[in-house]
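Asker: If you read the protein sequences in the order shown, they are chains A and B. Residue numbers for the first sequence follow the numbering used here, beginning at 4 and rising by one. Residue numbers for the second sequence follow the numbering used here, beginning at 4 and rising by one.
I should point out that these hints are in silico values taken from the structure, not numbers from a laboratory. Heads up, some of the hints might be wrong.
What the hints assert, rightly or not - No more than 16 Å apart at the CA atoms, straight line, and that leaves these computed lysine to aspartate or glutamate pairs for EDC-like:
hint	chain 1	residue 1	chain 2	residue 2
1	A	37	B	167
2	A	37	A	112
3	A	104	A	40
4	B	37	B	113
5	B	37	A	167
6	B	299	B	235
2 protein chains.
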Amino acid sequence: MTQQAFALWMQDVQLDVERALEACLPAATTLPHKLHEAMRYTALGGGKRIRPLLAYASGALFGGDAQALGRVAAAVEMIHVYSLVHDDMPCMDDDDLRRGKPTVHVAYDEATALLVGDALQAQAFQALADIDTLPPARQVTMLRLLAEAAGSSGMCGGQAIDLDSVGLALQRDELERMHQLKTGAMLRVSVILGALCGKDLSPVELEALKAYSAAIGLAFQVVDDVLDATADSATLGKTAGKDAADNKPTYVSILGLEPSKELAEQLRREAHEALAPFGEQALRLRELADLIVQRKA
Amino acid sequence: MTQQAFALWMQDVQLDVERALEACLPAATTLPHKLHEAMRYTALGGGKRIRPLLAYASGALFGGDAQALGRVAAAVEMIHVYSLVHDDMPCMDDDDLRRGKPTVHVAYDEATALLVGDALQAQAFQALADIDTLPPARQVTMLRLLAEAAGSSGMCGGQAIDLDSVGLALQRDELERMHQLKTGAMLRVSVILGALCGKDLSPVELEALKAYSAAIGLAFQVVDDVLDATADSATLGKTAGKDAADNKPTYVSILGLEPSKELAEQLRREAHEALAPFGEQALRLRELADLIVQRKA
Numbered sequence: 004m005t006q007q008a009f010a011l012w013m014q015d016v017q018l019d020v021e022r023a024l025e026a027c028l029p030a031a032t033t034l035p036h037k038l039h040e041a042m043r044y045t046a047l048g049g050g051k052r053i054r055p056l057l058a059y060a061s062g063a064l065f066g067g068d069a070q071a072l073g074r075v076a077a078a079v080e081m082i083h084v085y086s087l088v089h090d091d092m093p094c095m096d097d098d099d100l101r102r103g104k105p106t107v108h109v110a111y112d113e114a115t116a117l118l119v120g121d122a123l124q125a126q127a128f129q130a131l132a133d134i135d136t137l138p139p140a141r142q143v144t145m146l147r148l149l150a151e152a153a154g155s156s157g158m159c160g161g162q163a164i165d166l167d168s169v170g171l172a173l174q175r176d177e178l179e180r181m182h183q184l185k186t187g188a189m190l191r192v193s194v195i196l197g198a199l200c201g202k203d204l205s206p207v208e209l210e211a212l213k214a215y216s217a218a219i220g221l222a223f224q225v226v227d228d229v230l231d232a233t234a235d236s237a238t239l240g241k242t243a244g245k246d247a248a249d250n251k252p253t254y255v256s257i258l259g260l261e262p263s264k265e266l267a268e269q270l271r272r273e274a275h276e277a278l279a280p281f282g283e284q285a286l287r288l289r290e291l292a293d294l295i296v297q298r299k300a
Numbered sequence: 004m005t006q007q008a009f010a011l012w013m014q015d016v017q018l019d020v021e022r023a024l025e026a027c028l029p030a031a032t033t034l035p036h037k038l039h040e041a042m043r044y045t046a047l048g049g050g051k052r053i054r055p056l057l058a059y060a061s062g063a064l065f066g067g068d069a070q071a072l073g074r075v076a077a078a079v080e081m082i083h084v085y086s087l088v089h090d091d092m093p094c095m096d097d098d099d100l101r102r103g104k105p106t107v108h109v110a111y112d113e114a115t116a117l118l119v120g121d122a123l124q125a126q127a128f129q130a131l132a133d134i135d136t137l138p139p140a141r142q143v144t145m146l147r148l149l150a151e152a153a154g155s156s157g158m159c160g161g162q163a164i165d166l167d168s169v170g171l172a173l174q175r176d177e178l179e180r181m182h183q184l185k186t187g188a189m190l191r192v193s194v195i196l197g198a199l200c201g202k203d204l205s206p207v208e209l210e211a212l213k214a215y216s217a218a219i220g221l222a223f224q225v226v227d228d229v230l231d232a233t234a235d236s237a238t239l240g241k242t243a244g245k246d247a248a249d250n251k252p253t254y255v256s257i258l259g260l261e262p263s264k265e266l267a268e269q270l271r272r273e274a275h276e277a278l279a280p281f282g283e284q285a286l287r288l289r290e291l292a293d294l295i296v297q298r299k300a
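One chain only, chain A, in its complex shape (with noise of 0.2 Å):
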């Protein structure tokens, strides 16, 4: 029953955010078609949709707004998209096949894969600037968290350190701080935005989101790796086994597969613990986190 009404407010929110997405990229009957065309092809349709689904359950906390919160929720999937598109590339993962599709630059070819990613990046931005329905301090806010977020010290960031992580044996600590940077930062700005959307929040309430999505940021990414450990590349839309052959450190490689799964179940009870604030309203945040950690994609 519980289940079933967080199933029908995720299709809802899902549905939400497939239409602020289709609002904000460029149709692709507007010039350069095929660049329009190949921005809509990775970003519609497809994706767990994680980031704004923080963003609704955390916006829906603080009453947001309706109009804010598709446009953040789009805002921080493009970052995410875009990440995707230029992570898959040749000269990063060289991965041909993403949510169950083949990747950008195989649909279409690398320089495109390149633009559609930077142009997803700026389409980021824009959006949160077309809001027109927050005060203008709070949007110049939100812009700046964004920026942090999915630049050098936060998400490229992050890929950054994984690149060059490559082959060498990370300690624990090593590990989380470039997971914290690579998935984690745009995970937090989601639920910071998603709240950034509705009325003032109090020093006590900026913690809890803080820790919280602290939480699910780092659990996401053991979770991740235990997933690309152990299931197939049909369930996870993308090449399975890839962190093992790849020589790449992860939660597994280092801690093992039962402590990592042990590590992510920790995890989401600090998220829990974290949201105590917000009693019985926080409902969906602690779904998200339970989604997050028992996720089998």
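For chain A, the structure is supplied; the task is to place chain B on it using the hints.
Answerer: Relative to the frame of chain A, chain B by itself:
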């Protein structure tokens, strides 16, 4: 005498821009070291800084705030530099030399070049979001304009059209449309963002700046094509004669060399005429139009 004053003004601005970039870019001692080192390698110590010069010259007309102008200059330059880094990659123009130095993918590696570009783009938006001397509503407008100019309806879109036009016999109006996006969008927005660092613009002033920047935006590309056909690599600081070698449509290939030079000169006059509403005050913008058309590299 006048020319000397202009040269000194340019030097001052270029020093200011270098300082602003220094301040915006994370230190090479900040993790991840290689990424930050590579960002600084490509962004600092080189380049004509045309876009920052335009922003400063236009900002001076409206009493532009110094902190804001520095960040605007850093932002437009970082977008420009990121586009060069990605454009030089093997899957795009495959160029080894830029501003007289090995390109980023040659000095480092392709994956680093990809991330350097991505991170510089985020850093550009952060630079604008970090301005704290302008009304937030003004800042949001500036962030929106930068996103539009950088994205698929601006620079990235122009690059996509450029890619698709290799080997095609473009008409002059198609070539013009491509360049109005590829280089024009960022040159135009540099003029407008500089102006927005100061007092409110009247509609007449805004139109005058738009006409000026459309003319110099196009002139810039016409002259680029002329130089690519006539100058040598050492003078240009990048590989000369590449357009013809790559079978790319250019003004020179469509109009011929002399008519291209005449077109540049005509655009220079149009730029001067557009500045009429500002009278003597627009001296630096006029001098920049001259520089853009009369440059040798």
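Asker: Quick one, are residue 37/A and residue 112/A close enough, alpha carbons at most 16 Å?
Answerer: holds, 11 Å
Asker: Residue 37/B and residue 167/A were given as a pair; does the straight-line alpha-carbon distance stay at or below 16 Å?
Answerer: Cα-Cα ~9 Å, so holds.
Asker: Does residue 40/A lie within 16 Å of residue 104/A when you go C-alpha to C-alpha?
Answerer: Since the Cα atoms of residue 104/A and residue 40/A sit roughly 15 Å apart, the hinted pair holds (cutoff 16 Å).
Asker: CA of residue 299/B to CA of residue 235/B, is that 16 Å or under?
Answerer: Within the cut-off at roughly 10 Å; holds.
Asker: Does the alpha-carbon distance linking residue 37/B and residue 113/B stay inside the 16 Å limit?
Answerer: Judged against 16 Å, a Cα distance of about 13 Å means the pair holds.
Asker: For residue 37/A and residue 167/B, compute the direct alpha-carbon distance and say whether it is at most 16 Å.
Answerer: Within the cut-off at roughly 9 Å; holds.
Checked against the numbered hints above, the structure violates none of them.
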